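Generate coordinates for the entire structure from the input sequences, incorporating the hints supplied.
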Amino acid sequence: DTGVSQDPRHKITKRGQNVTFRCDPISEHNRLYWYRQTLGQGPEFLTYFQNEAQLEKSRLLSDRFSAERPKGSFSTLEIQRTEQGDSAMYLCASSSWGHRGYEQYFGPGTRLTVT
Amino acid sequence: ELKVEQNPLFLSMQEGKNYTIYCNYSTTSDRLYWYRQDPGKSLESLFVLLSNGAVKQEGRLMASLDTKARLSTLHITAAVHDLSATYFCAVDTIEETSGSRLTFGEGTQLTVNP
Numbered sequence: 096d097t098g099v100s101q102d103p104r105h106k107i108t109k110r111g112q113n114v115t116f117r118c119d120p121i122s123e124h125n126r127l128y129w130y131r132q133t134l135g136q137g138p139e140f141l142t143y144f145q146n147e148a149q150l151e152k153s154r155l156l157s158d159r160f161s162a163e164r165p166k167g168s169f170s171t172l173e174i175q176r177t178e179q180g181d182s183a184m185y186l187c188a189s190s191s192w193g194h195r196g197y198e199q200y201f202g203p204g205t206r207l208t209v210t
Numbered sequence: 003e004l005k006v007e008q009n010p011l012f013l014s015m016q017e018g019k020n021y022t023i024y025c026n027y028s029t030t031s032d033r034l035y036w037y038r039q040d041p042g043k044s045l046e047s048l049f050v051l052l053s054n055g056a057v058k059q060e061g062r063l064m065a066s067l068d069t070k071a072r073l074s075t076l077h078i079t080a081a082v083h084d085l086s087a088t089y090f091c092a093v094d095t096i097e098e099t100s101g102s103r104l105t106f107g108e109g110t111q112l113t114v115n116p
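Protein chains in written order, with the numbering used here: chain G, 96 to 210; chain B, 3 to 116.
No lab work stands behind these hints: they were computed from the structure. Be careful, since some hints might not be right.
What the hints assert, rightly or not - Selected chain B positions facing chain G (in silico; Cβ < 7 Å):
1. ARG38
2. LEU45
3. LEU48
4. SER102
5. PHE106
6. GLY107
7. GLY109
These numbers come from a predicted model, not from an experiment. The beta carbon of each residue, even a glycine, is placed where N, CA and C say it ideally should be.
Right, here's the structure in full:
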């Protein structure tokens, strides 16, 4: 399967703990995106990378959130000192310029539950 | 700030009927995407609309884009149960930063009843 993959698929953690999620994009894609989706809402943009450079961060990305893409391939999203409000589905997507513009392909998501 | 509004948010329809979902957005953009999401699953790309007047069709679904009216429509023809899902429209940013963030609508939860 050459789609976007994410790990873990589910994470349950206690409030105050740190968590880290991983995303592996489609191999030829140079852009990688993180979104957060809560129940009944559309995904909300968090940040994106072009190769290893983080080009944009949403104001939703508080100081407790950090994302990296060290070699321009996989990416990690870390949440420090988790809060119950962080409970959501975290989606990763990747894209590259093509005949369908920068169409973003989404991974299966990591569902985070903070207890 | 770019806002994307979909209506209706909930749609229950009978098999065989037609209906249209509307997506309005607040600022200039000529790149609009439609995604489908099944419960507990990720998003599946349906249509990519990259210019004013673009129309794309796949099976019982047809999407169009009017950039002057800042409106996209997703038309469902002769609905079948398998189309039950949540449909999102998403708008790319303004041209010079295109390919960065997508701003999504709230989604339209479609239920097709036998």
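Hints, one by one, checked against the model:
1. With 7 Å as the threshold, the beta carbon of B/ARG38 stays out of range of chain G, its nearest partner Cβ sitting at about 11 Å, so the hint is violated.
2. A distance limit of 7 Å between C-beta atoms decides the matter here; for B/LEU45 the minimum to chain G is near 4 Å, and the interface restraint holds.
3. Given hint, B/LEU48 at the interface with chain G, is violated; its Cβ is 11 Å from that chain's nearest Cβ, farther than 7 Å.
4. A distance limit of 7 Å between C-beta atoms decides the matter here; for B/SER102 the minimum to chain G is near 5 Å, and the interface restraint holds.
5. Taking 7 Å as the C-beta cut-off, the interface hint given for B/PHE106 holds, the closest approach to chain G being about 3 Å.
6. Interface restraint check: B/GLY107 against chain G, minimum CB-CB distance 6 Å, threshold 7 Å, status holds.
7. The criterion of a C-beta within 7 Å of any C-beta in chain G is met by B/GLY109, whose closest approach is roughly 5 Å, and the hint holds.
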